[in-house]
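J.: Below, each chain spelled out in residue letters.
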Amino acid sequence: MAEREVVLITGTRKGIGRCLVDHFVRKGMLVEGCSREPLDWALEHYTHHAVDVADEGQVKAMLSSIQRRHARLDIVINNAGIASMNHILLTPADTVDRIMATNFRGTFLVCRESAKLMQRRRYGRIVNLATVAVPMRLEGEAIYASSKAAIVTLTQILAYELAPFGITCNVVAPTPIATDLIRHVPPEKIQRIVDRLAIKRLGCCGDVTNVVDFFVKPESDYITGQVIYLGGV
Amino acid sequence: MPSQEHLDRETIARLVMSSLHDVLSQKDQPLPDLANGAVHLIGQQALLDSLGLVTLIVDLEQRLEEDYGVALVLADEQAMAQRSSPFRTPQALTEYICLLIEEQKAHGRA
Chain A
7 MAEREVVLIT
17 GTRKGIGRCL
27 VDHFVRKGML
37 VEGCSREPLD
47 WALEHYTHHA
57 VDVADEGQVK
67 AMLSSIQRRH
77 ARLDIVINNA
87 GIASMNHILL
97 TPADTVDRIM
107 ATNFRGTFLV
117 CRESAKLMQR
127 RRYGRIVNLA
137 TVAVPMRLEG
147 EAIYASSKAA
157 IVTLTQILAY
167 ELAPFGITCN
177 VVAPTPIATD
187 LIRHVPPEKI
197 QRIVDRLAIK
207 RLGCCGDVTN
217 VVDFFVKPES
227 DYITGQVIYL
237 GGV
Chain B
99 MPSQEHLDRE
109 TIARLVMSSL
119 HDVLSQKDQP
129 LPDLANGAVH
139 LIGQQALLDS
149 LGLVTLIVDL
159 EQRLEEDYGV
169 ALVLADEQAM
179 AQRSSPFRTP
189 QALTEYICLL
199 IEEQKAHGRA
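Heads up: the protein sequence lines correspond to chains A and B, in order. Everything in the first sequence is counted per my numbering, starting at 7 for the first residue and increasing by one. Everything in the second sequence is counted per my numbering, starting at 99 for the first residue and increasing by one.
Hints were generated in silico from the structure; no laboratory data involved. Don't take each hint at face value.
Computed list of lysine to aspartate or glutamate pairs in EDC-like fashion (alpha-carbon distance at most 16 Å, straight line) [to be verified]:
no. : chain 1 : residue 1 : chain 2 : residue 2
1   : A       : K122      : B       : E164
2   : B       : K203      : B       : D147
3   : A       : K66       : B       : E163
4   : A       : K122      : B       : E159
5   : A       : K122      : A       : E62
Can you build the whole structure from these sequences, using the hints too?
T.: Here it is in structure tokens:
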């Protein structure tokens, strides 16, 4: 069994996922990650899997590989997600299927297969990513926010179901952060969101890693089913 | 690693009993006479609570895959829909696993 803690992060090719990889490698952990497309970077102590999180077979194969090589999994961060901003009257059904597949089904599959490994050692920390678009009811984000609301409910129920196995499940919900996810959102719309926050600035990766660090500490074994919204929403 | 060829009914029965033993040990429950295959896993006077049954099923799925390369989903809709639960006794569970493996072979998935 690996001596270092093993962390799995989904959606690591860029954005918050990439930041999380750097953060946990710096902390001395063995980091496993995945994305659908290949990486254009490499990092010592990081292992990449070409996986679509919505594909059950691919997720199972990734977790089997982690079990074979490390015989442990301590932390999972479900970061993989896609967005599509549009008015409901202009939203194709295929877009709904695609967003729900990656965001909700993907998070469910990774949680389920990870928990199977974690329960062996009666220890685990799962952190799922949502968004402030859920409590802010942001127009144009009906499908994206709904998929993340589903993740919040999933996490809160998993918190009960997995607590007997020593596994905690929590949510961090970021504000807009300057990543590709909001690349196509008009700046004035982003500014309107920022203006509604208690702390009026864009988020940064450090804001996310700070909350993740709190959730995944061994001492946080009495913290589960919680949602922390950034920015004072 | 032993292959699926080594996975006969007797081996599966041993696997079920070994998993059951481990689950009961984890829960600090007194171990009953597991040689008596008629013990009830679920229902009234059952050995396992619902969480114990979940742990048993997950443990069996993992052992089958890791030790024999057989990927099965034991608690699917087919299992839940059966009038007589395949999880009621160790023998019933053994028979059910044998059946699923035969079905996989017939469909060329194993």
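J.: Output the numbers, in ascending order, of every earlier hint that fails for this structure.
T.: Going through the list in order, the structure violates hint 2 alone and respects the others.
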